[in-house]
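There are 2 protein chains.
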Amino acid sequence: MRVAVDVMGGDNAPHVEIEGAVAAAREFGVPITLVGDLERVKAELSRYDVTGLDIEFQHASEVVGMHDSASDAVRKKKDSSIRVAFELAKNGEAAAVVSAGNSGATMAAGMFVLKRMKGIDRPAIAQLFPTMVGKTLVLDVGGNVDCKPIHLVQFAVMGEVYARCVLGAASPRIGVLSNGEEESKGNELTRETSALLRETSLNFVGYVEGRDIFNGMVDVVVCDGFVGNVVLKLSEGLVETVGKMLRAEMKASLLSQIGYLFCRKAFANFKKTVDYAEYGGAPLLGINGVGMICHGGSNTKAIKNAIRFAYEYALKGVNDQMAEKLTESFPGARDREQEAS
Amino acid sequence: MRVAVDVMGGDNAPHVEIEGAVAAAREFGVPITLVGDLERVKAELSRYDVTGLDIEFQHASEVVGMHDSASDAVRKKKDSSIRVAFELAKNGEAAAVVSAGNSGATMAAGMFVLKRMKGIDRPAIAQLFPTMVGKTLVLDVGGNVDCKPIHLVQFAVMGEVYARCVLGAASPRIGVLSNGEEESKGNELTRETSALLRETSLNFVGYVEGRDIFNGMVDVVVCDGFVGNVVLKLSEGLVETVGKMLRAEMKASLLSQIGYLFCRKAFANFKKTVDYAEYGGAPLLGINGVGMICHGGSNTKAIKNAIRFAYEYALKGVNDQMAEKLTESFPGARDREQEAS
Numbered sequence: 000m001r002v003a004v005d006v007m008g009g010d011n012a013p014h015v016e017i018e019g020a021v022a023a024a025r026e027f028g029v030p031i032t033l034v035g036d037l038e039r040v041k042a043e044l045s046r047y048d049v050t051g052l053d054i055e056f057q058h059a060s061e062v063v064g065m066h067d068s069a070s071d072a073v074r075k076k077k078d079s080s081i082r083v084a085f086e087l088a089k090n091g092e093a094a095a096v097v098s099a100g101n102s103g104a105t106m107a108a109g110m111f112v113l114k115r116m117k118g119i120d121r122p123a124i125a126q127l128f129p130t131m132v133g134k135t136l137v138l139d140v141g142g143n144v145d146c147k148p149i150h151l152v153q154f155a156v157m158g159e160v161y162a163r164c165v166l167g168a169a170s171p172r173i174g175v176l177s178n179g180e181e182e183s184k185g186n187e188l189t190r191e192t193s194a195l196l197r198e199t200s201l202n203f204v205g206y207v208e209g210r211d212i213f214n215g216m217v218d219v220v221v222c223d224g225f226v227g228n229v230v231l232k233l234s235e236g237l238v239e240t241v242g243k244m245l246r247a248e249m250k251a252s253l254l255s256q257i258g259y260l261f262c263r264k265a266f267a268n269f270k271k272t273v274d275y276a277e278y279g280g281a282p283l284l285g286i287n288g289v290g291m292i293c294h295g296g297s298n299t300k301a302i303k304n305a306i307r308f309a310y311e312y313a314l315k316g317v318n319d320q321m322a323e324k325l326t327e328s329f330p331g332a333r334d335r336e337q338e339a340s
Numbered sequence: 000m001r002v003a004v005d006v007m008g009g010d011n012a013p014h015v016e017i018e019g020a021v022a023a024a025r026e027f028g029v030p031i032t033l034v035g036d037l038e039r040v041k042a043e044l045s046r047y048d049v050t051g052l053d054i055e056f057q058h059a060s061e062v063v064g065m066h067d068s069a070s071d072a073v074r075k076k077k078d079s080s081i082r083v084a085f086e087l088a089k090n091g092e093a094a095a096v097v098s099a100g101n102s103g104a105t106m107a108a109g110m111f112v113l114k115r116m117k118g119i120d121r122p123a124i125a126q127l128f129p130t131m132v133g134k135t136l137v138l139d140v141g142g143n144v145d146c147k148p149i150h151l152v153q154f155a156v157m158g159e160v161y162a163r164c165v166l167g168a169a170s171p172r173i174g175v176l177s178n179g180e181e182e183s184k185g186n187e188l189t190r191e192t193s194a195l196l197r198e199t200s201l202n203f204v205g206y207v208e209g210r211d212i213f214n215g216m217v218d219v220v221v222c223d224g225f226v227g228n229v230v231l232k233l234s235e236g237l238v239e240t241v242g243k244m245l246r247a248e249m250k251a252s253l254l255s256q257i258g259y260l261f262c263r264k265a266f267a268n269f270k271k272t273v274d275y276a277e278y279g280g281a282p283l284l285g286i287n288g289v290g291m292i293c294h295g296g297s298n299t300k301a302i303k304n305a306i307r308f309a310y311e312y313a314l315k316g317v318n319d320q321m322a323e324k325l326t327e328s329f330p331g332a333r334d335r336e337q338e339a340s
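In order, the protein sequences belong to chains A and B.
Residue numbers for the first sequence follow numbering that gives the first Met the number 0, beginning at 0 and rising by one.
Residue numbers for the second sequence follow numbering that gives the first Met the number 0, beginning at 0 and rising by one.
For reference, chain A alone in the conformation it holds in the complex (with noise of 0.2 Å):
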């Protein structure tokens, strides 16, 4: 079982993918295939010991760029890096893949190559959050901008599942975002996804607002990929604006610059708890294999733990659980949804 990394289209390709390729092959025993340029690939390999690691190559001729249509990944640039990748993963010579580059492209690719699951309709990016209690999953916060309520539930169930194989939550609690918890809070697309939720066998809770990503209240948050994508980028950003703040009154006098130094630590932790490289990247939900998608300035660690995580997924066989639960969840929803529209 290997991991196919696309080593090409982060923006520090492919220098960071590689480093965190073979920091995954050395710590976690990951097997690896390398796909890109074969000659870069090949030159950049040259700077690190791998002695004894599983890496092998596949050359791809072709790179996605951050600023080329999703639809370029699919249809133009058929020997594009991301392309192979899941093209490897179809074939069974790996078993999951890994992107730091564009990431519509990586999300039109694997639903491309692979194809979407049985009974999902619209594959989800996930993204995890921290809590003082645990982590919290998002989705969509990528592709689906809009969407319709039997989109969220498929969302919700893929969540559950990712929760509780991957992540470890005992029985999930699933909420759904909305502008607050009362039941007469929300749009039309919240209200009918929540009456849709109550029918099924899944563990939810009702409404949840946007504090409650932060407080541990759910472990599976369910949104449009509009919403979820506003949820991510302001989440990082309001992270980078407060250690840019803190930092600038840290400096600000001897006395807390002094202060600072004793507290190094502590901040230290603080910014690992909230580091996007912990959890490495994001999964792409609902295709017929494992896509993990991460952010196109990781660092290496980011794309090391990415690899654990992908490799993980797929040794837990995490999407054939994926499709039990969805036929069991909800029989009679989807049923009753199609008459509807």
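Incorrect hints may have been included.
Simulated pairs of lysine-lysine, BS3-like, Cα-Cα distance not exceeding 30 Å [as the list claims (entries may be wrong)]:
(1) A:K315 with A:K117
(2) B:K243 with B:K134
(3) B:K271 with A:K250
(4) B:K324 with A:K270
Calculated directly from the structure, the hints in this document are not laboratory data.
Guided by the hints, dock chain B onto chain A, whose structure is given.
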């Protein structure tokens, strides 16, 4: 020109409201009318030295609770403090209303009693967010869950005037909140809103992402009230969680506890930057009058500053400028939208 303060609505009413009102009268010379249960108001007020302050009373026998429906403020509780406060504004006995009560009820009462401004279909609640280089005004963060493009255009006009007249931005930059900066991103609502905004005389810069709310890239961000509410609650929750995480880390070792003592001032300055109490309340824009909505858990400082901003808002005749800008900004857009719908 007086400010009517609903002293019954907040979580710590009437204590906090009255202390805040006394402080605003003393520090900024704002003439105040306290609206609420006369007996309780007088009992509370007797604890302060109000010599020389212009403070009047208006009795109101009812209170709209946090769990009452918004329409209760309008239909059932006609002698509620929030309703009576807006009646004072309607009769010219007050130029502005400040409340820390049920925000939905405040919005409903304001709209019902004072009516919507000509050219505005949906009044909006606007919230200030701190950045490294100033503040960003986001609207709507409140009541308007399912919006049409023309509503967001009206938000943009109101936000522009508020940013210019109250916050002092010379030529406020306006952004539409979206899931990416590229024109190809966004949902149906944001795409149509952008097309309309491009035809106005506003300084419209295009799409902004969640992170841009905190980096000072624009002065005004428009979105529907569902997304805006998620933004507001998420930001409050994240800042709170970050604070808790940092405190926990600081307490974890003696070294960092000592360090904390040295940088206490830096933390206090930081807290001041992100503290909502500095900005007081969120203006309800688009009614024929001035309404300032405060957090239910507002402290004295928040109430004081909200009264100050409400007073300035009224003094500067912001609503007249809004009316002017509305007709000048997009003479054509409104008609087209109406034809289309």
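Hint-by-hint comparison with the structure:
With a CA separation close to 19 Å, the supplied pair K315 of chain A and K117 of chain A stays within the 30 Å bound. This hinted pair checks out: K243 of chain B and K134 of chain B have alpha carbons roughly 24 Å apart, not beyond 30 Å. With a CA separation close to 17 Å, the supplied pair K271 of chain B and K250 of chain A stays within the 30 Å bound. A hinted pair counts as satisfied when its Cα atoms are at most 30 Å apart, and K324 of chain B with K270 of chain A does not qualify at roughly 45 Å.
Of the numbered hints stated above, the single one contradicted by the structure is hint 4.
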